[in-house]
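Engineer: What follows is the residue order along each chain.
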Amino acid sequence: MFLKKIEITNFRVYYGKNTLDFGRNLSAEGRNIYVIGGLTGYGKTSLLQAITLGLLGKNASLLAFDKTSTNIDYLHKELLQKNFSKTALANGEQQMSVKLIFEEQRIELVIERKWWFDDHGLLSDEELNIFKNGAPLEIAKGVDQQELKEEFIETKIPPHIAKFFFFDGEEIRKIAEKDPSGAVVSGLNSLLGFAMLERLIDDLEKTKKDIKTQTGSSPTKSDLLKAEAALSEKEEEEKNIREDLEDKSRESDKLRQQLETVKAHISIMLGGDVSTTQDQIHEQIEELEREDRTIAAEMGKFVGDLLCLSMPKTLLRKLKEQLMGELTRKEWEGKKSSLSPQKVKIIEGLFGKTAQQTEPPLLPQQKDFLVRRLEEEWNNMFNPPPEGMADTIIHTYLTQYDTQEILNKIDDILKQTQQHLHSRIQRRNEIDRRIHELKERWRRMTTGPEFQELSEKRDMINTEIGRLNTEIDGLQRRIPPLQGEISSLKKRCTDLERELVISEHGHNHIETCKRLRETIEEFMEKLRDRRVSGLSQKMTEMYKTLAHKEDIVNSISINPASYKVVMKGKDSNELPDGSAGESEIFALSMIYGLAKISRRNLPFIIDTPFGRLDSPHRDNITTRYFPVISDQVIIFSSDTEINQKWYKAIVPHIAKSFLLEFDGRTKTTTISENRYFKF
Amino acid sequence: MPLAFSIYYTEEEEKLLEEICKKKDIPFSAIEQLIEEESDFHGMGRRKGLFPAIRRIVEEATEKRLRKD
Chain H
1 MFLKKIEITN FRVYYGKNTL DFGRNLSAEG RNIYVIGGLT GYGKTSLLQA ITLGLLGKNA
61 SLLAFDKTST NIDYLHKELL QKNFSKTALA NGEQQMSVKL IFEEQRIELV IERKWWFDDH
121 GLLSDEELNI FKNGAPLEIA KGVDQQELKE EFIETKIPPH IAKFFFFDGE EIRKIAEKDP
181 SGAVVSGLNS LLGFAMLERL IDDLEKTKKD IKTQTGSSPT KSDLLKAEAA LSEKEEEEKN
241 IREDLEDKSR ESDKLRQQLE TVKAHISIML GGDVSTTQDQ IHEQIEELER EDRTIAAEMG
301 KFVGDLLCLS MPKTLLRKLK EQLMGELTRK EWEGKKSSLS PQKVKIIEGL FGKTAQQTEP
361 PLLPQQKDFL VRRLEEEWNN MFNPPPEGMA DTIIHTYLTQ YDTQEILNKI DDILKQTQQH
421 LHSRIQRRNE IDRRIHELKE RWRRMTTGPE FQELSEKRDM INTEIGRLNT EIDGLQRRIP
481 PLQGEISSLK KRCTDLEREL VISEHGHNHI ETCKRLRETI EEFMEKLRDR RVSGLSQKMT
541 EMYKTLAHKE DIVNSISINP ASYKVVMKGK DSNELPDGSA GESEIFALSM IYGLAKISRR
601 NLPFIIDTPF GRLDSPHRDN ITTRYFPVIS DQVIIFSSDT EINQKWYKAI VPHIAKSFLL
661 EFDGRTKTTT ISENRYFKF
Chain D
1 MPLAFSIYYT EEEEKLLEEI CKKKDIPFSA IEQLIEEESD FHGMGRRKGL FPAIRRIVEE
61 ATEKRLRKD
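Chains as they are written, first to last, in this note's numbering: chain H, 1 to 679; chain D, 1 to 69.
These aren't lab readings, by the way, just hints derived from the structure by calculation.
Mixed in with the good hints, there may be bad ones.
Straight-line C-alpha distance at most 27 Å; calculated BS3-like pairs for lysine-lysine [unchecked claim]:
#1 H:K656 <-> H:K678
#2 H:K221 <-> D:K64
#3 H:K212 <-> D:K23
#4 H:K318 <-> H:K301
#5 H:K209 <-> D:K24
#6 D:K15 <-> H:K596
#7 H:K514 <-> D:K23
#8 H:K82 <-> H:K114
#9 D:K24 <-> H:K206
#10 H:K209 <-> H:K221
#11 D:K64 <-> H:K206
#12 H:K514 <-> D:K15
#13 H:K345 <-> H:K367
#14 D:K22 <-> H:K526
#15 D:K22 <-> H:K212
#16 H:K82 <-> D:K24
#17 H:K514 <-> D:K64
#18 D:K24 <-> H:K212
#19 H:K526 <-> D:K15
#20 H:K132 <-> H:K99
#21 H:K263 <-> H:K457
#22 D:K22 <-> H:K514
#23 D:K68 <-> H:K221
#24 D:K23 <-> H:K208
#25 H:K209 <-> D:K64
#26 D:K68 <-> H:K209
#27 H:K409 <-> H:K330
#28 D:K24 <-> H:K526
From a predicted model like this one, the values you see are computed outputs, not experimental measurements.
Chain D on its own, in the form it takes in the complex (with noise of 0.2 Å):
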C-alpha cells in the first residue's frame, strides 16, 4: 500500500473506499496512486508534474476499467 495512504486512512476507512470504488467500477489502487501523488506534490510548485501523473493513472484506471468489461 502506498506510504500516504496508510498514514492518512485506517483499515476501516481503507475498506470502506474499495466498497466505493467496487461499486463505482474504478480500481482501488487508481485512488491510492491519486491519494499518494496529491500527497507528494503538495506546494505549488511541486504541482507542476501532478497532471502528467494524474492524467496517466486516469488512462490506466480507463485501461483495466475496460478490459474487465
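Isolated chain H, as found in the complex (with noise of 0.2 Å):
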C-alpha cells in the first residue's frame, strides 16, 4: 500500500488547504524514503496526527502501545477540538479535514475525513468518505453507512497493526518490553496472521454448534424402523379385517339369498300373504287391537263432547217428532183461533137478531140446528188435524223459533253424527274382519309342521344374519381409527426419514467442521512455530546489524505463545536487559521482522525516529534500515536527527524530500516540496 498523497485543510499550525504529494512509487528503484524535515514545534507531530487521524478516525487513539479503549469518544473530541486551526476559528472557519489517497495494487484508494466545529471551537459533527477509483465505496442500503465504512478501513489497516507501522520515535521503546502488554500481544497476533486464524476457529465452532441446534435431538436408524414395523402391523391388520368383512358380506349375502326362498316357501304356504311368521302375525293383531282401541276412544270422546249423542237415535228422533208435532199444533191451533171470531160473525150474521129473516121465518129450533150444523162443519174444517201433529203441547216454554232452532240443531247432529261414526264403524267392521282372519291364519300356522319347520329356518337365518351384521358393523367401525393409526405412522416414518436425512447431513458437516478446526489449528501451531522462528531470526539479523553486538548477542528467541523475547549470547545464556538506546533498536528490529514475516507491505511513518540513540547507531538505522524496512519509509526529522551526514547518507534512497516552514507572524506552517534543511 502506497500513500500518494495527503491534504490537510485548518489542522492545527496547517491552515487551509496544505498538500504532501509523495509522487509515484518509486521503491523498484531503490527509491523508498521521504524525508520531511521541520524544526520543533513546526508541525512534524502534527502532520503525523493528522495522518492517523484521517486514516483511523476516533480509532487512532488506539495507536498509542499504552492506551486502551475506555473514553475513546471523549478522547477522540478533545483531540479534534485541541488539533482545530486556532487561525481558523478566529478567521471564523468552522471545517477541518485531511484527505489520504492511496494505491494498492493499481487501485485508488481515497479517505476523506471532515469535522466541522462551531465558533466556539467545539465539534458539531463529522463525515467520512471513501473512494475506490474515484466512486463512492458501494455500500449496501439498510445498513449503517458510517460504521461500515470504519470497518472497511480496519479491514485494510487495522488499528493495532498500524500502531507497527505509524508510530513516534519516542513510543517506539513500548515495543520493546521483552514481556509484552497485551495491546502488543494483540498487534503480534494479528501482524503474524494468528488472530484471524483464531477468529475462523471460534466461528467454525459456532457453526458448528448452529448446525448441532439446527440437527435437533437426531433420531436413529432403529427409531424409523420401528415405525416402518408398526406400520406394517396396521396395515396387515386393515387387510386382514377388510379380507374378513370381505367374507362375512359374501355370507351374509348367501344367507339372504335362502331367507328369501324360504319366505317364498312360506308365502306360498300361506296363500301370498307377506306376513310369514306366528309373531307377525301376533303382531299384527296387536296391531289391529290397538288401532280398535284408539277408534272407540275417539268415539268415546266425540259421545262426551256431544252430550245429547248419548241419546238413544230412537228417542232423539221422537223428540224430534214431538217438537215437529208441536210446531204442527201450533200453526193448527193458531190458524183455527185466528178464524174462530169469523165463525161467530157467520152465525150472527144468518141468526142474529139482527139477521134477515126467511118466510117464514126458522123456527128457534131450526135455528138451533142450523147452527150446530154449521159449528159442526166449522170444526170439521179443521179435522182431521194435520198429520204429526202432537196431542198435546209438552213444551210450552219454547217459542215457534226457540223450537225451530231446536230440530235444526238435532239434524245437524244427526247429520253429524252418522258421517263421523259411519266411518269409525266401518273401519272398526273392518277391524274385525282383519283379526278374526288374521286368528283363523294362526290358528293354521300353529298347527302345520311343514310351516314349522320353514319357520324355524328363517328364524335361524335371520339369527345368523343378524349375528353377521353385527360383526360387519364391528369390523366397519375398526376401519376408520386403523386408518388415523396408518396415517399418522405414515408421516411419522416420512418425518423420520426426512430427519435421518437432515441428521445425516448434521453428523457429516459437524464432522467437517471439526476437521476444519483440526486442521486450522494444526496449521496455526506449526505456522506459529515458523513465524515466530522467522521473526526471530529476521531480528536478530537486523538486531545485530543495528546495534554493533555482533560479538555480544547470539540469538534472539521469542516465545511462541507469550511472545517473550529473551536475548542470548554466545554461550546461550540469557543476556541483561540494555540501555534505552538498545531497546529501541530491539523494537525497531522487531518491526522489521514483522514486516517481513507478516507480508504486510504498509507505507513505515516515523517521527523523530532517533530518539535516544547514539550517532553509530543512527548511521545504522539510516544505512541499513530505512532503505529496506517498507517500499515507502515517511521520516519526520528536526535538522539534528537526518542531519547533513545522515541526509547524504541517504540520498540515492529518497524519493521526496520536504520542509515544513513557519511563519511566527502568522503562526501557521507551509509545506515546501523537494525542499530540505540547508546545511
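Got two chains here, separate frames each, mind docking them using the hints?
Structural biologist: Structure below.
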C-alpha cells in the first residue's frame, strides 16, 4: 500500500489547504524514503497525527501502545477540538479535513474525513468518505453506512497493526518490553496472522454448534425401523379386517338369498301373504286391536263432547217428532183460533137478531139445528188435524223460533254423527274381520309341521344374518381409527426419514467443522512456530546489523505463546536488558521482522526516528534500516536527526523531500516540496 | 488462489497447509475460502454475512469429502 498524497486543511498549524504529494512509487528504483524536515514545533507531530486521524478516525487514539479503548469517544472529541486550527477558528472558519490518497495493486483509494466546529471550536459534526478509483465505496442499503466505512478501513489497516507502522520514535521503546503488554500481543497476533485464524476457529465452532442445534434430537435408524414395523403391522391388520369383511359380506348375501327362498315358500304356503311368521301375525293382531281401541276412544270422546249423542237415536227422533208435532199443533191451533171470530160473525149474520129472516121465519129449533150444523161443519174444517200434529204441547216454554232452532240442531247432530261414526264403525268392522282372519291363519300355522320347519329355518337364517351384521358393523367400526393410525404412522416414517437425512447431513457437516478446525489448529501451531522462528531470525539479523553487538548477541528467541523475548549470548545464556537506546534498536528490529514475516507492505511512518540513539546507531538505522524496512518510509525529522551527514547517506534512497516552514507572525506552517534543511 | 491467502501466506506455508488438509481429508480450497471470507468479513457489522458463508463452505467441503469417500 503506497500513500500517494495527503491533503490537510485547518489542522493545527496547517491553516487552509496543505498538500504533501509523494508522487509515484519509486521503490522499484530503490527510492523508498520520504523525508519531511521541520524544526521543533513546526508541525511534524501534527502531520503524523493528521495522517493517523485521517486514516483511523477515533481508532487513532488506540495507536498509542499504552492506551486502551476506555473513553475513546471523549478522547477523540478532545483531540479533534485541540487540533482545529486556531487561526481558522479566529477567522470564523468551521471545517477541518484530512484527505489521504493510497494506491494498492493499481487501485486508488481515497479516505477523506471532515470535521465541523461551532464558533467556540466545539466539534459539531463529522463525515467520512471513501472512494475507490474515484467512485464512492459501494455499501449495501439498510446498514449503518458510517460504521461499515470505518470497518472497511479497519480491514485495510487494523489499528493494532498500524501501531507497528505509524509511530513516534519516543513511543517505540514500548514495543521493546520483553514481556509484551496485551496491546502488543494483540498486534503481534494480528501481524503474524494468528488473530484471524483464531477468529476462524471460533467461528467454525459457532457454526458447528448452530448445526448441532438445527440437527436437533437426531432420530436413529432404529427409530425408523420401529415405526416402519408398526406401520406394517397396522396395514396387515387393516388388510385382514377387509378380507374378513368381504368373507362375512359374501356369507351374509348367501344367507339373504336363502332367506328369500324360505320366505317365498312360506308365502306360497300362506296364499301369498307377506306376513310369514306367527310373530308377525301376532304383532298385526295386536296392532289392529290397538287401532280398534283408539277408534273406540275417539268415538267415546266424540260422544262426551256432544251430550245429546249419549241419548238413543230413537229418543232423538221422537223428540224431533214431538217438537215438529208441537209446531204443527201451534200452527193448527193458531189458524183455528184466528178464524174463530169469523165463525161467530157468520153465525150472528145468519142467525142473529138483526139477521134477515126467512119466510116463514125459522123456528128456534131450526135455528139451533142450523147453528149446531154450521159449528159442526166449521169444526170439520180443522179435523182431522194435520198429520204428525202433537196431541199436546209439552214444551210450552219454547217459542216457535226456539223450537225451530232445536230442530235444526238435531238435524245437524244427526247428520254429523252419522258421518263421524259411520267411517269409524266401518273401520271397526274391518278390524274385526281382519282380526278374525289373522286368528284363523294363526290357528292354521300353529298346526302345520311343514310351516313350523320353514319358520324355524327362517328364524335361524335371520339370527345368523343378525349375527353377521353385528360382526360386519364391528369390523367396519374398526377401520377408520385404524386408518388414522396408519396415516399417522406413515407421516411419522416420512418425518423420520427426512430427519434422518437432515441428521446425517448435520453429522457430516459437524464432522467437517471438526476437521476444518483441527486442520486450522494444526496449521496455526506449525505456522506459529515457523513465523515466530522467522521473526526471531529476522530480528536477530537486524539487531546484529543495528546494534553492533554481533560479538555479544548470538540470537533472539521469542516464546511462541507469550511472545516473551530473550536475547542470548554466544554461550546461549540469557543476556540482561540493555539501555534505552538498545531497547529502541530492539523494537526497530522487531518491526523489521514483523514487516518481513507478515508480508504487510504498509507505509512505515516515523516521527523523531532517532530518539535516544547514539551516532553509530543512527548511522546504521539510516543506512541499513530505512532503505529496507518498507517500500515507503516517511521520516519526520528535525535538523539534528536526519542531518547533513545522514541525509547525504540516504540520498540515493530518497524519493522526495519536504520542508515545513513556520510563519511566526501568522503562526502557520507551509509545506515546501523538494526542499530540505540547508546545511 | 484467493487474494487474502496469497497476501498472508508464503508458498511454503501454503504447502504446509496443503499437507495438513490432505492428512485431515479436507479440501484445501475450503480453508482458502474460509480465510478469504474471514478476512473480508473483518469488523463486527460485516461479520453478519460471515456465518452463512462459512456454512456454505462447510457444506461444500462435506460434499467433496463424501464424494471422495
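Engineer: Which of the listed hints are not met by the structure?
Structural biologist: The structure breaks only hint 16.
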